[in-house]
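Protein chains: 2
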Amino acid sequence: MPNKKYVYYFGAGDADGGAHLKNLLGGKGSNLAEMVNLKIPVPPGFTISTEVCTEYYENNQNYPDGLHEQVIMNLKKVEEVMGRRFGDVEKPLLISIRSGARVSMPGMMDTVLNLGLNDSTIKGLISETNNERLAYDSYRRFVQMYADVVLGIDKDILEHILEDKKEEKGVTLDTELTADDLHDLVTKFKAKIKEITNKDFPEDPIEQLWGGIDAVFGSWDNKRAQTYRRLNKIPDDWGTAVNVQTMVYGNMGDDSATGVAFTRDPATGENRFFGEFLVNAQGEDVVAGIRTPQPINIAGKNDSKLPSLEEVMPVCYKELEEIYLKLEKHYKDMQDIEFTIQQGKLWMLQTRTGKRTINSALKIAVDMVKEGLITKDEAILRIDPARLDQLLHPMIDPKVKRDVIAKGLPASPGAASGKVVFTADEAEEMAGKEEKVILVRIETSPEDIHGMNAAQGILTARGGMTSHAAVVARGMGKCCVAGCGELKIDYDKEVMEVNGNTIRKGDLITIDGSLGEIMLGDLPTIEPEIGGDMAVLMEWADAVRRMKVRANADTPHDAKVAREFGAQGIGLCRTEHMFFDGDRIDAVREMILADDTEGRKKALAKILPMQKSDFIGIFKEMKDLPVTIRLLDPPLHEFLPHSEEDIKALSEKIGVSAEKLTAKVISLKEFNPMLGHRGCRLGVTFPEIYDMQVQAIMEAACELSKEGYSIIPEIMIPLVGLVNELKVTRESAERVCKEVIKKTGEKIEYLIGTMIELPRAALTADKIGTVADFFSFGTNDLTQTTYGLSRDDAGTFLPKYIELGMMKEDPFVALDQEGVGILVEMGVTKGRSVKPNLKVGICGEHGGEPSSVEFCHNIGLDYVSCSPFRVPIARLSAAHAKLKEET
Amino acid sequence: MPNKKYVYYFGAGDADGGAHLKNLLGGKGSNLAEMVNLKIPVPPGFTISTEVCTEYYENNQNYPDGLHEQVIMNLKKVEEVMGRRFGDVEKPLLISIRSGARVSMPGMMDTVLNLGLNDSTIKGLISETNNERLAYDSYRRFVQMYADVVLGIDKDILEHILEDKKEEKGVTLDTELTADDLHDLVTKFKAKIKEITNKDFPEDPIEQLWGGIDAVFGSWDNKRAQTYRRLNKIPDDWGTAVNVQTMVYGNMGDDSATGVAFTRDPATGENRFFGEFLVNAQGEDVVAGIRTPQPINIAGKNDSKLPSLEEVMPVCYKELEEIYLKLEKHYKDMQDIEFTIQQGKLWMLQTRTGKRTINSALKIAVDMVKEGLITKDEAILRIDPARLDQLLHPMIDPKVKRDVIAKGLPASPGAASGKVVFTADEAEEMAGKEEKVILVRIETSPEDIHGMNAAQGILTARGGMTSHAAVVARGMGKCCVAGCGELKIDYDKEVMEVNGNTIRKGDLITIDGSLGEIMLGDLPTIEPEIGGDMAVLMEWADAVRRMKVRANADTPHDAKVAREFGAQGIGLCRTEHMFFDGDRIDAVREMILADDTEGRKKALAKILPMQKSDFIGIFKEMKDLPVTIRLLDPPLHEFLPHSEEDIKALSEKIGVSAEKLTAKVISLKEFNPMLGHRGCRLGVTFPEIYDMQVQAIMEAACELSKEGYSIIPEIMIPLVGLVNELKVTRESAERVCKEVIKKTGEKIEYLIGTMIELPRAALTADKIGTVADFFSFGTNDLTQTTYGLSRDDAGTFLPKYIELGMMKEDPFVALDQEGVGILVEMGVTKGRSVKPNLKVGICGEHGGEPSSVEFCHNIGLDYVSCSPFRVPIARLSAAHAKLKEET
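Protein chains in written order, with this note's numbering: chain Y, 1 to 887; chain L, 1 to 887.
Do not rely on the hints blindly, as some may be mistaken.
A pair counts as met if it fits within one copy or between any two copies, since identical chains are not told apart.
[To be verified] Taking lysine-lysine and the BS3-like style, the derived pairs with C-alpha atoms no more than 30 Å apart in a straight line are:
#1 Lys738 to Lys800
#2 Lys664 to Lys433
#3 Lys800 to Lys606
#4 Lys648 to Lys669
#5 Lys660 to Lys648
#6 Lys39 to Lys91
#7 Lys648 to Lys664
#8 Lys601 to Lys800
#9 Lys223 to Lys767
#10 Lys660 to Lys436
#11 Lys808 to Lys355
#12 Lys882 to Lys376
None of these hints come from the bench; they were simulated from the model.
One chain only, chain Y, in its complex shape (with noise of 0.2 Å):
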């Protein structure tokens, strides 16, 4: 049997692959294929597959068989084509080898370049190139590179020696060496990496060509790529491609360059080419963001005093430009770009599609629809709901009057105040004390990643648009600023110098990502609206989608912020936190005090009018939808003070002794409150409570109906485990609701459900699903049980879960699909199979996270119901599920 085929090539116009097998080849190589099917200049190469990877890692890190030959026998494809051999003295091949997932993975992974030069080699490249300090430069860089990525080599290490070679000479940038500086450089490294490893360093370009393979593959496992996928919820098991390319230079002088450009604006999503290079410069000089780049045209100039790509290579531009326009009409999205100019001719080293802001994927996704390249539904599921989430977060109050103290770069939207911390392990170190910091770093790299993750958001002094803050930022949705020169930073004193202000860790500072702004303190923030491109799109959303969305709002406020987002009714108002508002605690803690059913009756005669008053307001709000009403859920003892002086403060207040009051508290104290004396537990042992809630509902909706609401309360039970509690709570609320309805002659519709929190609540829905009007899922407490898990205190072991990778995902933020779900979905059916036209929803705060949207979706729920901020979410969340199902 033949060898499986692991090898593909591209290049002159030919090639093995395409955008298609992108899985196979990972994004960076299938799409070098499809540009060289699309006849667009690539140097040539080939792609080792991401299977090898993958059966590299089954197989105890072993190569396939027949792999190194197909290696070679590409190596050889790729000689002819350029007319140069690997290893040769006159015309070297040079190569570079860069791995390339199937979803970009930025700075996450290891890269080789100048591979293939060795002391013979070099001797081809300064012939050929007549620029010996350019070839000792790519040599001592070349060394350098695969001292660290191949032989493990501490960078610090040769990076030590660069910066003696430096004050010996005395200049202070690499640029200012010489060739012969540099290739004393070489030696010096060569000689420290035989001290170190005992071991030559490599001449034989074939070693070196495996060495950088099994680099690139060794590095899908380090640790850097282990968090990436972690947070990005990766698996692990999709590997990388390794993409070995013919070098091409951008740093041969002056008609060289190199750069980076998005088809479309990545922060605003502006339809305008953007982009930044560098003249003479490699491709890694512009990522690194350590030289400030150049604008890419004309219209990208703003302020910068540069001169653009398009006025000093018009050529080379207008040819960038054809590319751009026909990359862009052929991927029908928005394409981020990296090419070199070699001595005046264009390579294009990658296209992919371009992160970008959520603000500019929405203008993106509108504009493109409007230009006619995709349709509405490919629009819907170009917006990545969760990312939705940055637009819905607080904006600094524009009335507030801002001091700047220095300006940076916007490079990602969004706002944030908190404590400045300088190292990302401080970060995460103050994060988990629930401290809201802002990471400042000279510049990030991706040793900083799980620092980023923790800090509300990222200030950098170097770096531009598309440095690695910038970038990492966007992709996770935090504010950054970047490149704010004016930072001087002493990461030794802990302290930074802005423009006479002194500014040290755990100072107070406020950052606003969209306009690259830096303030003092912490400011204070307005909340967001819906509207322009997004609005448009969530238009688009809701003629989608089948299933309804709520919000989970207790005041009258949070009811109208759910309106205002798109809720189509409350799908959970808790009325527990009405019990503690004001004055009326006092009344409460009367009903608990009381020793028997007339003394919590008179009690509750006093909360029952500030009840009414309550949903008569979120009535109101919520006018002509449906407004779901939890009855009261959480044990009594949560409305007592438990402290000593609290007691003694309430016994003063109240008249009872502390003596009583102690008792009180200590009668009522639970081992596990969360499986005590709570829910519908309550309304069965003090049917009085739950008949004043009720009572309060009807009357507050029949005053109401009065003046023209149509309202229809939905009356919901909780924590109800076995039919027989709903049964009778049921009983209870509907003579209650019978003799409001009687007394105001008003004809009231109301429905009567429940909460399905308990195992055995799923488990037996086909039997509670008789009595019940609705059944909305609590996944919170659902999970809960289901898992035998406190969220309280499961802060003391899942953090060692999801670092063990013993969990995919915290089962309280995305819903537990594989065994809370198998729960969900046995309520709806064995709840349908008796009433098949059961209203079910969820009220969890699953239902604003779409994983669980999607889920929610496809077991057939009515709607789901979420905080209002995530309503929007919710609401794409559920088109996106539509569309998916159709697909």
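For this one, chain Y is given, so just place chain L on it according to the hints.
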């Protein structure tokens, strides 16, 4: 369509029904028909079926169409057979109306006798019996009963008139009243009834008949009947039948008598005819226990000076003897019969399967197999496994000197100590406070049921072996001493005098229901053993059952007891109790207080040899049987002191500052410890703890293996909810096992499995099953999480649920098959779907409860494990399950 048949005739050798119609006709009615079919003399009558009762309650207490006509038609048939007419002045037909449910509910339901008497028919009764006194005594009894049962008039009102009459006449006994006195009483009763009800006492016999029928059907729903059904798990919808039957009189002079008898001795099971009777009395006199009855035969006389039936009415006795033999042979079980002799003519009023002590049940079952009456399988099914519990309770240590202060009848076996209480309410109240009580009553009545249920034992001053107290106590498995005439009880003063001893409420006494003895104080008891008939029956059961029975045992002593009771291994050996023993708690605390892994390992090294010696002890006791050891389960804070004083004491003892100790205690505190950092979550976060335990287990096993024992330790990981929890802990455990095996050079097999005690574990058992060698359902925790119910906290509402009938049974006692059971079954099915031979057991407390054991058998578990004392119950239950499956 003709109406359904609702009424079934019986009498004079002709019956519509028979014993096979028990569900329809009730126990009493079907057996009356069956006796008629067997040509046994039964007073004619008819039975109104239980369907009428069900339809009556379903149809808002209205009778089904056609009932009226069927009753009248059957009444006519009785009139014809008896040659009498209902309401006739010369030869009046008099009838009794009695309830009769599918199962016997002694004293629970209402009865009316002498129905048909009025101011006209009384004349016929007088002339026919020529006994005016008898006639008026019957009349006044009828009016009293009718007033109580049908008209709902407080018994005491008429009783008071009776007492006044006796005082007026200067007599103490009812029997001393003359015919005139009784006639006068009837008049006075009727006047009082009119005064209360504002209506004349019904003279029309047909009106009386329907009043009686209404009352019996109505009594199905009275409080006593409801309580009895709840305690005895009788469904409400079974309903009762109504038996209308010709009256016969045991009080027509000295040639008349009435009695009850058992075909074998109900206390010992001895094969002898055993009964009691009264000359010239009504049946109610015997059952009520007011007059001390006479023995039925010479063999039963013992010390009694009273003449037996065999002596005073030898002909009737001989006929009775033939009948009882015929009945026992026919029913193939011990019968409880009632008879009346009216002027020398024997009538059978009832036969039913006799209640018996568990000891006698065992003896009867084993004897009947030997006698060839029944098969071994039938014998096994005759024994209710739950009742074995009585034999498995402690008895008074025979070595203890007993100071018997009085003797009564050994009415229900077993021994009990407790504080004396004189009312059922007090018994219930004190039992609610975890106090053990002995309920002492002059005699008990159905109103005392709840107190009898709450008490440890029952002591009465009056009544025989068939008195209410005796019958009910035996049914409940409570020890009972009845008819101790030496007790002088003063309810008002709450004191009793017994042969010179004054015993007040709250004083401790001990009663021995097997010997009928009463002692002062709290006597020491000993453990029971399996022997005699029980051992024989157990052997038969073991030969039948498929499931194995193991025990939950944590110590060598428990293991020994378990083995003696027939356990086939240990299904759950908890290791946490070992952590508390003696000095080791200090090392455990040192481990918890350690700041790092090294500190913990140091402390664990001290615990290791102690744990090892625990396991050696248990393995030795269970030689060659499997032992499942659960690794540490409870949260660590359980091992630390919590009060300020205790913390201070520990601080001084171990030299760690109280501040540090307090800080640790606070840091470990959990809101819901049940759902917290425990079980395998400890194993994941502190792997060194489980490593130590596994090392101790394996070292113990290897050491014993060297001595020739064959040990297969089963290591059980608790609280797994995610397959990865088991993977991680299993990997560690396997590593340690291999290390120990390598070190000792012993070849030991071991299993590593898990508890299934969280809903998620059951839901994902197809994943968990791939890495588990066995499953053991921890149904205690599974019940808590499935219900969302903390066993420790449920006391505030669960009793209310049981009271309201919302739950059939406490789910911590009998496995909730329709909720928790779904998860258990799902766990088994999913686990075996990936590992068909997966060993599956249960180790929750349900493993010793008969209905739960049957469930476990039906879903295919390999074994149940329960507390040592319940092992015989589980063995028998497992045999029942197998036999029921086959039928």
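Which of the stated hints cannot be reconciled with the structure, identified by number in ascending sequence? none
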